[in-house]
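Trainee: Take each chain as given, in its own frame, and dock them per the hints.
From first to last, the protein sequence lines are chains A and B.
The opening residue of the first sequence carries number 82 in this note's numbering; numbering runs sequentially from there.
The opening residue of the second sequence carries number 1295 in this note's numbering; numbering runs sequentially from there.
Note that these hints are calculated values from the structure, not bench results.
Computed from a prediction, not measured in an experiment: that's the story for all the values here.
Each residue gets a CB set at the ideal place from its N, CA and C atoms; glycine is no exception.
Treat the hints with caution; some may be incorrect.
Short derived list, chain A residues pointing at chain B, Cβ under 10 Å [what the hints assert, rightly or not]:
id, residue
1, P246
2, L309
3, P464
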Amino acid sequence: MDWLINLLPFSYTDSVVFIGAVILGVAAGVLGAFAVLRQRSLVGDALSHATLPGVCVAFIATGAKDASTLAVGAAVAGFIGAAMILAIERTGRIRPDAAIGVVLTSFFSLGIVLLTFLANFNNANQAGLDRYLFGQAAGLLESDLVAMGSLCAVSLLLVALAFRPLKTALFDMSFAGSVGLPVRLIELAMTAMLVIAIVIGVRTVGAILMVAMLVVPTVTARQLTSRLSLLLVIAGIVGAMVGSTGALISASATLPTGPTIVIVGFCVALMAILLAPRRGVLWRSGKLLRDRRRALNEGVLIDLETALHAGAPPTTEELATLSGRPASQVKKGLRDLDRAGALRTEQGRIHLTESGAGMVHALLHQRSLWSAWLEYGWTLDIPDAREPDPRDLKSSLGDDLTNTLLQRAREGGWTAS
Amino acid sequence: MSAASELKAPALEVRRLTASYSSRPALWDVDAEFPESSLAAIVGPNGAGKSTLLKAIVGLQPVDAGHVLIDGKPASENLDRVAYVPQRDAVDWDFPITVKEVVEMGRYREAGWISRLGQRDHELVDQAIERVGMGPFARRQIGELSGGQRQRVFIARALAQEAPLMLLDEPFAGVDARTESALLDLLLSIRDGGRTVVVVHHDIGTVRSRFDWALLLNVRTVACGPVAESLSPDSLRRAYGGSAGGSDVELGEWTG
Chain A
82 MDWLINLLPF SYTDSVVFIG AVILGVAAGV LGAFAVLRQR SLVGDALSHA TLPGVCVAFI
142 ATGAKDASTL AVGAAVAGFI GAAMILAIER TGRIRPDAAI GVVLTSFFSL GIVLLTFLAN
202 FNNANQAGLD RYLFGQAAGL LESDLVAMGS LCAVSLLLVA LAFRPLKTAL FDMSFAGSVG
262 LPVRLIELAM TAMLVIAIVI GVRTVGAILM VAMLVVPTVT ARQLTSRLSL LLVIAGIVGA
322 MVGSTGALIS ASATLPTGPT IVIVGFCVAL MAILLAPRRG VLWRSGKLLR DRRRALNEGV
382 LIDLETALHA GAPPTTEELA TLSGRPASQV KKGLRDLDRA GALRTEQGRI HLTESGAGMV
442 HALLHQRSLW SAWLEYGWTL DIPDAREPDP RDLKSSLGDD LTNTLLQRAR EGGWTAS
Chain B
1295 MSAASELKAP ALEVRRLTAS YSSRPALWDV DAEFPESSLA AIVGPNGAGK STLLKAIVGL
1355 QPVDAGHVLI DGKPASENLD RVAYVPQRDA VDWDFPITVK EVVEMGRYRE AGWISRLGQR
1415 DHELVDQAIE RVGMGPFARR QIGELSGGQR QRVFIARALA QEAPLMLLDE PFAGVDARTE
1475 SALLDLLLSI RDGGRTVVVV HHDIGTVRSR FDWALLLNVR TVACGPVAES LSPDSLRRAY
1535 GGSAGGSDVE LGEWTG
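Next comes chain B alone, as it looks inside the complex (with noise of 0.2 Å):
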């Protein structure tokens, strides 16, 4: 896979990028690329911007300094490229709305926010809600879901924007090992259709056996590249201190 995958221009790439919460740097200095058509993630312990990074890419968070590339050109001017998955207790769940209605805003910015949307917005809702196995519950209150068809409902209104380019904030939160296995099963067939997910995740024992690359963070870049070379114990003692320390199967079970 690391071989493949550094011949192909990175989907996303993050130059020396700075942003503070209240004067204190939550990324400082970060510098990252991630590969197309790769599933990675970014692992770090708690507080070390791995949110604020994701927010600062799709411009949610004022950034100090540095830039972001999507697919070579700024942010800002890509923005279309990007589906942004925010984190699933940022919502409130008892909001009056259905699965279906939800996954259509991913289509709002394509068919404009007054008109109505078109047999095609229609067309491409119906199959991601299909394709996050969500059918049955098309026209359910979102209130009724379990966290996992939660986290569903949001894949689908990402692939409802048909962005090349998936961020996911900590869609594993609170979720069984069965949900996350086929949330990852998931996330990995939408790789193999051609799509860059970037993944906030907790679990290194995951990233490790799952994914193709990982950005390691602690405010500052601790290590990035392909998982077996940015996820090694040396790189995981620098990003989590001592604490991370030991032998390999202590690092798999690690999860901060």
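One chain only, chain A, in its complex shape (with noise of 0.2 Å):
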């Protein structure tokens, strides 16, 4: 571990700090994922509030304050945790959040009892054991690096080498049953990963935040990601890198190590949950305004060369009282159709240019096919799985069936317009 402190361009506490939290950041994200796949972040936050009456009782029974210690305890009461939510879902059918709710709650009291009986009865010892509340990157030491990486390394080697068990349970659990893998153990082993990852992260990051370590690299991962695979690998990076920046802020700013690193982690996942290509708000919004926008300006075309056709050229104020639609739409659209060169304004009346005409023309074909698809659409012997797109039907049915398409319609005494 010395080769890497010394490699650092930081203080020795520093550089023990940032390694920390890129072990616990990295440990968390990878980890964290598969409880948050499986929709059961909550679980997360359970089993970390519920490390702190370990810690308590581990001090208690051994008088030891460093990290590893207190950690087999912590992990000791993660487990007896999850085996409580496990057994109140089961035996008294109750609900996962309702379980998730009393093992939260009773277990996290009992550390909070545990803490406030410690402090009064023995006041110098007890100092330190408050850090797992918030969590406090300061304090680690050297030999806790080597125990939190080793055991960070052995559970990602073993991801990586079950990497094809845990992807088929985590999609599809009776499927994985159907093919002779061990269901059950392989849910004890997500367990036993969650609870290796709250207790590499818990002294750090706090009891009370930790889960939004566990949570904040998958939701930021998958944002990015489609593929199992590499969102294990983006969730750890981004766990490392929220991790290392929040301790590193809260050690040169004196400010609290796990809120640090929550916030931090919370500006990241914000990014990402709003500027994310095509699953970010921003994408998606723009998406929806432009398709708005592109109904609005087709609607006001097929409205305009329906005035045309009934009479002379209309006004705005005409077309707006034709078409049903209010003035500051029929505005907008035209003033769009106009950008496109769709229109000629004169004296006041519009009228479609020859390019107009002809998006007209395009606009009432795509229409007259989804009619046809509708009316005929049944008869056709689809090869595959392709599946009608009614904005092109052409390219998403292809150019044979559209003729057939069209073929059957005409047989059928259809007429296309």
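Mentor: Structure representation (structure tokens):
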């Protein structure tokens, strides 16, 4: 570990903090993904809270204050908490969220009672245990790093080795069982992975906020990829970046470590939720607006065509009256169409240009194709899993099928416009 | 069909099977057999134990008594001869995985859970995807698919398993008529390829017109045999109670 600490451009203390935060971030990111993707994120929250009494009991039993000894107590308490959640769900026919609520609060209360008891009983020794509430990066020892790092490395290795069984069970538990995978064992392993991630991170991030480090990396990574293998890698990287950035900020600005890390994580997740391509809020609302705009423009264009067909070229107001749309909408649509070169205005009256007429023609053709599909689509034999898209039937069905469709429609006495 | 199928050895036999959820029997003393290379349906009212029976066959549901034989051998020894297709809504369709990766899961048991998929595995996966018409969608994320396409992916995964017996739980739930008909054609072609296909299904009309064989279930076996015999008005009345009584037309349109 020395060479690594020397390599980093920080002071000794900061280097230890940095390495510890990277390890915890990678572990929480990768292992937490298995809870999030199973929709069991809050189990992670309950187990984080459940570690607190374990830490206290380990301290009472051994008198030791080093992170590794206390981590054993945390792990044991985490497993007991997990077992209790399962037991409450199974025996009492109680929903998982209620079982989680029961275990989270009761274990955490027990932890607080024990902490207070220790504080009254033996003031000097208790100092340090309360860092498990909100977390503290300072005070990690090099030996703790070695223990954390080994635990993290071993679990990541196991994830890599058991990637296929894990992926299969994660996606489809009953299929996994039907092909002979030991699903109970896999569920146990996933719980163990969660406990390991929590135990590695709880001292730095704190029992109350640990769940953020389990969830944030996966939420972020899911925005960026649709492949599980890549998601795990990205979650690990995001976890490491969030953990180390937060820990270093908290160390240099003397802010509480857990909350600082979580705020950094929140910013990262928020950015991913807002800005991610395809899945991001911005991208999707942009698409929604474009789609609405397109629907409006197409509607106004059709209305204009109808009006031109019926009589003299209309004014904007006449078109609004004819179409029954609010005048502001009609104006907006006309503005877009004008910009696209579809319109020509003479003395306030609106005409279609040549390209505008072409647009009308294409649009009417698309609509008539869709009507043909609705009426005659059932006669078509679609050879594969293609499904028609009303906005673009031709490219979603393919040219051959579209031609057959039109032929059937004509045979049926149907006239395309 | 019925005369021919009775000559063949049953691909799947269920003998005196009892299984329960928290002490209430979901299946009670069920006897059934399904002939080889047939398209068979399991029909019955809600809560009749149809899905439970499929789960019990593949070992997902603990059994209180009785046994299941696949090709004449206890099911637990012959599980590699069964491909199970769970209900579609049992999985999270926003899961980060592509069509091809889902179908590859069908090869994991044969290929080994750790070692790389071989060339033959990849060929089988591609063939299965083509067979269900999902070729153009192989690289899609599963969340982008329609209900019918998702069902096709599940069927492709089962095909890739190369098992002679295929069990499907409600494959037609929530798909439109055209898709149901297309999926049914697919299942018929799979049967014609020599596999035995057992489907949990609601629509007695479709079962009558297109399936070979049916098990009519209502916790106990009501009838089991060629559709003309097992789905007689009389046995349907016994399975569904008075509500399904009446003319054939009504029964044909009955959907439980």
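Trainee: Each hint should be assessed against the structure and marked as holding or not.
Mentor: Hint check:
1. P246: holds, 5 Å
2. L309: holds, 5 Å
3. P464: holds, 7 Å
When each numbered hint is compared with the structure, no violation occurs for any of them.
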